[in-house]
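Engineer: Sequence:
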Amino acid sequence: MNIMKKWLLIIVIIPTFLLMAAKGKSVKGFVIDKNTNKPLVGANILVKDFHVGCSADTAGWFELDISQFQDGDYFLQVLYMGYHSLEYPISIPYKYKKPLLIYLKPSLLQLDQIVVTGTRTERFLKDTPVSTRVIRAEQLRESGSSDIGQALSEITGITINENQFGAGVNTVEIQGFGSEHVQILLNGVKMIGRVNGQLDISQIPISQVERVEIVKGAASTLYGSEAMGGVINIITKKADDKLDIGMELHGGSYGRLDGAVSVSLPFGKWHSALNLSYRKYDGYDLDEGTVQEDATAFQKYHGQFTINGQLTDYLTLNMESLYYAEDQAVVSSSIFKDKINNGRKALRIEAKAKELFSEFNLKTGVEYSFYNHLFDRIVLSSGYLKKGSLSTERLAKADALFDFYVGTHQINGGFALESEKINSDRVVGGKRQAMLYNLFLQDEWPVLDWLTVLGGIRLDAHSIYGKQFSPKIAAMISPTGKSRLRLSYAAGFRAPSFKELYLDYTNISVGYHIEGNSDLEPETSRAYQADFELWNDNDYHLRMHLFYNRIKNLIDYDYLGVIEGFGTYRSANLLAAKTWGVDWDMEYFPLSWLNLSLGYSYLDSWDETTANPLTFKSKHKGQAALKFKFDNGLRISLRGQYFGKKFYWMEWDEVSNGGTKDWISDYVLFHANLSFPVLGKFRATLGGRNLSDYVNKKWGPMPGREFYIGLAYNLKNNP
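Residue numbers (our numbering): 1 to 719.
What the hints contain is simulated information worked out from the structure, not anything from laboratory work. There's no promise every hint is true.
Computed cross-link-like contacts, DSS-like style, restricted to lysine-lysine with a CA-CA straight-line distance of at most 27 Å [said to hold, decoys possible]:
| id | residue 1 | residue 2 |
| --- | --- | --- |
| 1 | K269 | K237 |
| 2 | K352 | K237 |
| 3 | K28 | K48 |
| 4 | K38 | K105 |
| 5 | K363 | K48 |
| 6 | K716 | K269 |
| 7 | K105 | K34 |
| 8 | K629 | K237 |
| 9 | K386 | K280 |
| 10 | K646 | K697 |
Just the calculated beta-carbon pair ranges, DEER-fashion [to be verified]:
| id | residue 1 | residue 2 | range |
| --- | --- | --- | --- |
| 11 | E210 | Q433 | 27 to 37 Å |
| 12 | H620 | Y528 | 16 to 26 Å |
| 13 | H620 | P266 | 48 to 58 Å |
No experiment lies behind these values; they were computed from the predicted model shown. Where is the CB? At the ideal position from N, CA and C, for every residue including glycine.
All chains, full assembly: derive it from the sequences and hints.
Structural biologist: Next up, the structure:
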């Protein structure tokens, strides 16, 4: 009996120890900056072609469990944002007992950073099958811009337009598509608050932005309506795992004042961040001989609070709240001073579960956004306040996103339910509501080492305009390890807005009436794109992007004639158009401290209804920049922009039954920015915009030369 017990113990214990020993197999080591010998905290260590990995701790130390792998040869991939990735060969059984010392070299090109917008999954920038452009926080700061709109104006293929009242509203165009066709996201969440179809992207201050991801061309397969021309995803600063405090104060010409405070506070497994900003601008008047002012004076207040934490090893929770308020004022005529108030509040709660089972990941969330727009007028002669219209929008949304692997196929998809409401005295009935259900599915398949194919489809079911299908197919070819060719076809659409459907507005003083049309159909597009990218390790990066878009059912206002004494217009699906062109970029580092970048955009367009080019579209746009980055912290940025002439066509059927054609002349702008460290953790900035002092009162509007100066402080990072 005792002998039997001993054998039972041997039979049970020995395999147990063998199993424990097998599970204890691991690769250990440090990940270190090759230039500074400092640890790279958070570096990712993965087994190539397998979804197994770990990350380095605060000392750069990692320990990767390889007990599940069979004997053979493998590669470790070591990745860190802003550094060249490295592949390290290992063999199993693994016999190397000493810790590995893995050195990564900093990359000036930063093609190994993570992006999410193009596929709605995390991808390295160089390996995403959807062409994506990233603007980093450092680039935004070097532009000397106070908001996203000014910074994006220097990006190849993007045009920023200011409204007729100057600095009040900045809207974006991509590939000839106007603001109403470009989806603006804040941390992946749709921004609401369009006024006359235009969304002001200057709402977000530079100080709160971590990076901006730009996807050009139709992206309705992933993002639905309003993504015909592309997507701009503004990603703000996240809560850090260490205490951090930042402060900025900048002042400039025309009463410009920008101030910001940010605090990141960890507690246990939870991290929180608070960002506050205030911006002021006094506007300007280019012709003091007239009462009318040329630019809007404004005050903008922005606040953001985020908190996230680990509930379990597999589950994290994130909450983000946003507050925005804006007051604008401008003397618009000899009679009135316009006063505009905009406000936005948003809340999103999100849960992420990693590897719920096998390799299935799930992210689900709920969000609520509220936006109000108030337009009043003050009579200059008497000071009488003429109450205008108040419009409010509400968007409630619940969604779920998932991804998993089936063999080498990565499947991701999602579904969402949205409820949108508008209250306005300018829509029939005073209020309207719509429901939207959507789902999408996407398959990314690495067919060969050099070929990845991506296909997707989306269904939107809307309570007003019905169902809309949006397919997409894309391919990424890697001729070499340092070149990419991306090809894609996608369908896009834009649903008619509440006001286009139900507007009912009469301007008695001017003598016109505008009415909506509940029979409108969605605008649709077919987009074809080709993108070629080539780079060297640390010297240069080249990109050429070609596009062709065919657009149908464009919504415009149809002149119906004079009805009951008023010139009357009705929204209708009137137009068909084409846009095509090319964007070319080059970034070159002849020295580690010197960066030269060039960019050129060519855009051609055709309005098939009027047989004219689309109005207000520059056929040629170019930019050049020379940037110096010295070891002592000194940064110098010199930049120039060229804007080609624009075609202008205005049809006045009710007056002359004819029209006016004209070309708006081209112009050049120059900007400069200088920043340097002072007093330890402070950084001073000074610079100028539009140093060429270009002014065009009619088609600008821009005030001419502007200067600014600023000071920033950061507790954690050296300047």
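Engineer: All hints, please: hold or fail.
Structural biologist: Here is what the structure says about each hint:
1. With a C-alpha separation of about 18 Å, the suggested pair K269 and K237 falls inside the 27 Å cut-off, and the hint holds.
2. Using a Cα cut-off of 27 Å, the hinted pair K352 and K237 holds, with the two alpha carbons roughly 19 Å apart.
3. For the hint linking K28 to K48, the alpha-carbon distance of about 16 Å falls within 27 Å, and the restraint holds.
4. Pair hint K38 plus K105 holds up; C-alpha atoms about 12 Å apart against a cutoff of 27 Å.
5. Between the alpha carbons of K363 and K48 the distance comes to roughly 25 Å, so the proposed pair stays at or under 27 Å and holds.
6. Distance check on the hinted pair: K716 and K269 sit about 20 Å apart at the alpha-carbon level, within 27 Å; holds.
7. The straight-line distance between the Cα atoms of K105 and K34 is roughly 5 Å, inside the 27 Å bound, and the hint therefore holds.
8. At most 27 Å may separate the alpha-carbon atoms for a hinted pair to count; K629 and K237 meet this at roughly 23 Å.
9. Between K386 and K280 the CA atoms are separated by roughly 25 Å; this keeps the pair inside 27 Å, and the hint holds.
10. For the hint linking K646 to K697, the alpha-carbon distance of about 16 Å falls within 27 Å, and the restraint holds.
11. For E210 paired with Q433, a C-beta distance near 35 Å keeps the hint of 27 to 37 Å intact.
12. One distance hint, 16 to 26 Å for the beta-carbon pair H620 and Y528, holds here, with the actual separation near 22 Å.
13. Under the hint 48 to 58 Å, the C-beta atoms of H620 and P266, about 50 Å apart, fit the expected range.
When the structure is compared with the earlier hints, no violation turns up for any of them.
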